[in-house]
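There are 4 protein chains.
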Amino acid sequence: MSHSEETSEFSIDKAAAPLPLRNSNMGQSSLDDAPRMELLSPPLEEEQLAWSKIRSYCQDFFSEFLGTMTLILFGDGVVAQVVLSGGTKGDYQSISWGWGIAVMLGVYVGGKSGGHLNPAVTFANCLYRGHPWRKLPVYALAQLLGAMTGAAIVYANYKSAFDAFEGGAGIRTVTGPTATAGVFCTYPAAFMTRTGMFFSEFIASSILMFCIFALADPNNIGAGNLMPLCLFFLIFGIGACFGWETGYAINLARDFGPRLVSFMIGYGHEVWSAGGYYFWIPMVAPFCGCAFGGFLYDVFIFTGNSPINTPMLGLQRLMRPRKSVWSNTHPAAIENKV
Amino acid sequence: MSHSEETSEFSIDKAAAPLPLRNSNMGQSSLDDAPRMELLSPPLEEEQLAWSKIRSYCQDFFSEFLGTMTLILFGDGVVAQVVLSGGTKGDYQSISWGWGIAVMLGVYVGGKSGGHLNPAVTFANCLYRGHPWRKLPVYALAQLLGAMTGAAIVYANYKSAFDAFEGGAGIRTVTGPTATAGVFCTYPAAFMTRTGMFFSEFIASSILMFCIFALADPNNIGAGNLMPLCLFFLIFGIGACFGWETGYAINLARDFGPRLVSFMIGYGHEVWSAGGYYFWIPMVAPFCGCAFGGFLYDVFIFTGNSPINTPMLGLQRLMRPRKSVWSNTHPAAIENKV
Amino acid sequence: MSHSEETSEFSIDKAAAPLPLRNSNMGQSSLDDAPRMELLSPPLEEEQLAWSKIRSYCQDFFSEFLGTMTLILFGDGVVAQVVLSGGTKGDYQSISWGWGIAVMLGVYVGGKSGGHLNPAVTFANCLYRGHPWRKLPVYALAQLLGAMTGAAIVYANYKSAFDAFEGGAGIRTVTGPTATAGVFCTYPAAFMTRTGMFFSEFIASSILMFCIFALADPNNIGAGNLMPLCLFFLIFGIGACFGWETGYAINLARDFGPRLVSFMIGYGHEVWSAGGYYFWIPMVAPFCGCAFGGFLYDVFIFTGNSPINTPMLGLQRLMRPRKSVWSNTHPAAIENKV
Amino acid sequence: MSHSEETSEFSIDKAAAPLPLRNSNMGQSSLDDAPRMELLSPPLEEEQLAWSKIRSYCQDFFSEFLGTMTLILFGDGVVAQVVLSGGTKGDYQSISWGWGIAVMLGVYVGGKSGGHLNPAVTFANCLYRGHPWRKLPVYALAQLLGAMTGAAIVYANYKSAFDAFEGGAGIRTVTGPTATAGVFCTYPAAFMTRTGMFFSEFIASSILMFCIFALADPNNIGAGNLMPLCLFFLIFGIGACFGWETGYAINLARDFGPRLVSFMIGYGHEVWSAGGYYFWIPMVAPFCGCAFGGFLYDVFIFTGNSPINTPMLGLQRLMRPRKSVWSNTHPAAIENKV
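For the record, the sequence lines run as chains A, B, C and D. Going by this note's numbering, the first sequence opens with residue 1, and the numbers climb by one from there. Going by this note's numbering, the second sequence opens with residue 1, and the numbers climb by one from there. Going by this note's numbering, the third sequence opens with residue 1, and the numbers climb by one from there. Going by this note's numbering, the fourth sequence opens with residue 1, and the numbers climb by one from there.
Keep in mind the hints are simulated off the structure, nothing from the lab. These figures come from a predicted structure and were not determined experimentally. Be aware that one or more of the hints could be misleading.
[Unchecked claim] Distance windows between CB atoms, simulated:
| no. | chain 1 | residue 1 | chain 2 | residue 2 | range |
| --- | --- | --- | --- | --- | --- |
| 1 | A | Gly176 | B | Gly86 | 18 to 24 Å |
| 2 | B | Ala169 | C | Gly268 | 52 to 58 Å |
| 3 | C | Gly86 | D | Gly86 | 57 to 63 Å |
| 4 | B | Thr173 | A | Met264 | 32 to 38 Å |
| 5 | A | Val299 | C | Lys159 | 46 to 52 Å |
| 6 | B | His269 | A | Gly268 | 51 to 57 Å |
| 7 | B | Arg134 | C | Lys159 | 37 to 43 Å |
| 8 | D | Gly170 | C | Cys288 | 28 to 34 Å |
All C-beta atoms in this analysis are idealised placements derived from N, C-alpha and C, irrespective of residue type, glycine included.
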């Protein structure tokens, strides 16, 4: 990433519509504007510090990386504690709590980049909220690596407990009475059909995105500075209401990252083959679900800046695959918006 | 619905007293006024978009529809998960959590129309807070259809689990060891008398409305922007304290809508006959309860705009059944208020 | 209560230091000042309404009555549900939740009078925060009657369930396998000594008052508009941490009111004799505890208006039992404060 | 502590960067500035009161003492209730709740001194946020004594219950079926290696500090006035996700203070020797963890005033062990910052 490119990206980002999660601060303009302002014109002494420059260029990467790491630390951590203690140090409701808190704290940590923590959320923001498409791969990579780091730390922390639970230092099983692979990533319930799996992930992701857009909509009630708290309730709710069948992955980074780590640790090929090669479903379904959930909200409720609120519900775009139409950062596209 | 009619309704609505739930935003005037303002005078380009016009006219309908759909998605979803997993993926407290979150998120989603989500709440708002009577049927229809849609989605999502729990694809039972009808709507506990059922629903609805008016009262402490969060606690509390005997339906749309869906699915005539044709109680009692709860609050605490705070506690109205007295949108009535 | 007396009381109350719970609104001056302002100078039309006048004079009574009624509705309601359902519709944690929500909603309902809901809290406010002493009996009476009303409604609601649980319509037992007296008021654990009972209630009340003063202190962090939410956590915490031994009554009205009701219902003399005539402990200990807890906070942390922050820690008062010294509403006392 | 010394300390403290926890109030400037202002220039009458002067000088000590006492009252209280009632008055989740509420209320109580409640948090604030080093021993002593006082009160409150559970008045055991030493301080799970213990405490402390800095960062989303509430969720999360192996002491004062008390009570030498002389790990690991967690946040996200944001990441300091470089209160150091 060259310097000039990044600078231009930041200035464009400022011109484009603000990211939904950042909207949550709109009542507190000082909090919201301060970080961007500082990034654009940091204090003199910082300008001269090499690391501060690097950090400024990589802010999005670091922010998403550490936010997603926090997400997985708490999320996989609570599953590890409940599973490995045989349910004596928590139960299913603890897991709902843990994941809810994980998202809440992850968003606080990763707030400077919008706290997406989820490639599908970033994708929906690119589609509907003018988030620059060129940032999608950066965000997705940071999220994936952050999730892997978090899962590795959880494993390191609970290594003795894994050994004690599985009955030996080298044993790691995906199925069976002492299976522990569920600590890292999700596996579907036994009775599920493949269509059912996909639909379950699809609907949970739709609800996720639909509700995030509702909470972030400044023309609706809006969560304001309660946004991270509301996300706690949202994730808790999805876990309590739609979390049984496929474990509400609803996030490529959250599921695929730790799954990779569990494969490296030595759980074997079964991490891929379990549930009839279920692993691809939480990679694909969240993108479809988030796109659909965001579409639903924008069509029926949202009155702000969105491609849906352009002629023909933005479907013209499909007929004009030109950069000036699709790019959220292209000068022409921005002019049209202003 | 013709264009001119709707426009006049909106302008009248602005003149009338604000709806209680909208009051929750009063500390954030920008959030509160913005949506209405935009509806009345949308940006130029939106004016020319056919869909934006339609959406603007049907805003109340869409908003209540999607809000109530969200309510039922989470509410029936959590019961489905707890019942169908045999209590391994949640317990009674999960259900309290689920319904609390359901209302909280439903209100965030349906904020543009006030987030009533309940015909009885709309009714009490018409009675005591100047909500236009002509909107009552629109709201009630939207709420009912939204609840039915939500219940259908929950059923589609958990279809395999229903089959597995009931022991076969076609089997759906209202009573018995593997009964699953309770996922959709409420059934009374076995020991209840009919009077007890009615009283239980009546008192829960009274408390609901009494507390909503307290939370929304700008002359009291008032929940302000914590309103949806407080509603979470309120619903959780009603579930934990008055939820056993009849399942705290306290909402025609929440109970009758999913009950209709369960009848369509094939649960048979028993959905109506169970509990001694109990089904009509959660249709009638909430209206009585909400009217009474709102009356209680307005008589003893509320000092704002309410018929109770007019000569003879507003009982003159009963003797003057004229449109200028009863209609919240009639020009004469509004002049009296100002 | 004559008209002129009440009017002077109100104006004096305004001059005196504000009540702690009202402080919670200090960030929202409009919410805080509005109700008093309206009471002092209500809109013209209200001035002419007989009921509005009566309500204005009895505001404190109505507010505390309904607030405490709400407290007991949820508080006794949750115990009833958990006990009578045999633990299938809630567990000990549900009770912590229920009482926490009960206080939270009770404070929202009774906000206009400060939301004390507890004679001991009113007492400590009179001692340390300039709440008029002459209001103490009015508040205490309202709280007691409100608690009794709430307990009676809970009983009416769960009557069939009482009968089913006790095994017959006329049977009501205080001890034994199907005892239900604990629904109404608290009874100590079997192993407790009398000193232990008193100390347990004393320490829980001290913590209650100490934390309320901390939360309401505008010179500390202060809970601001989160006050009712923080009270939820405080009551939940006291229930989870100090609730086992004597059931954390910490409130004369909450314990004695429902106990009276249970005596009237027919639980017999045992409601008084149980636990070695334990019933007087939750009547006396809360006053001692709240006085001590408030003393602790004012001595070591509080820097605002308090008798502790007068010469000799306010102990001079004990040597000068004159009205001008003790009365919070006496003109001389107020002049000294200003 | 002489008068002049303390006065200078306060004025320096004001010049230095504000403590992170105090930052939480930044949206409410009146709340944040008021206490300091009052300390520096108290009202005239207070100036003349001996006790107000003493309290003003010892504000930090009293504040941390009472804050940590509150922390241990709720924290050890909830463990006592759950353990001594044999799990009938709470379960593992209650303990998560109890400790979360304990920290939340402790921070509200100890807000005037920043609400650190933990020597390791004070240490990290000295390292990264300009908290005066000379205050570290005062804070640590106050925290330790506060924790001991809290533990003693909990013991006094539950003495009968200890006797009943252990089976006799003089019996107090650290291990075995009726062990109760876990009420006071943490003991590791049986399967843990010493490295595992240290790592578990280290990682939990890192997460604690990392998240506190994220929540308190005004350039990130920031918790604002929700700070104590967010700390509730953070502590709950650490308890639910990393609380099993070593009981998440993450605090010298919280663990060593009550351990000393339990030794005095008569639990014998085993309180030190249990777990292979585990007791030193929660004394050392939190300092390492908090230092690392704070480092991580400042390196990758924080853009405000921190030694990390000086040339060479502040490592120059290590080569210049002079007072002007290290002291946060040295005039030269402050000049450099301004």
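#### Entry: Numbers of unmet hints, in rising order
3 and 4
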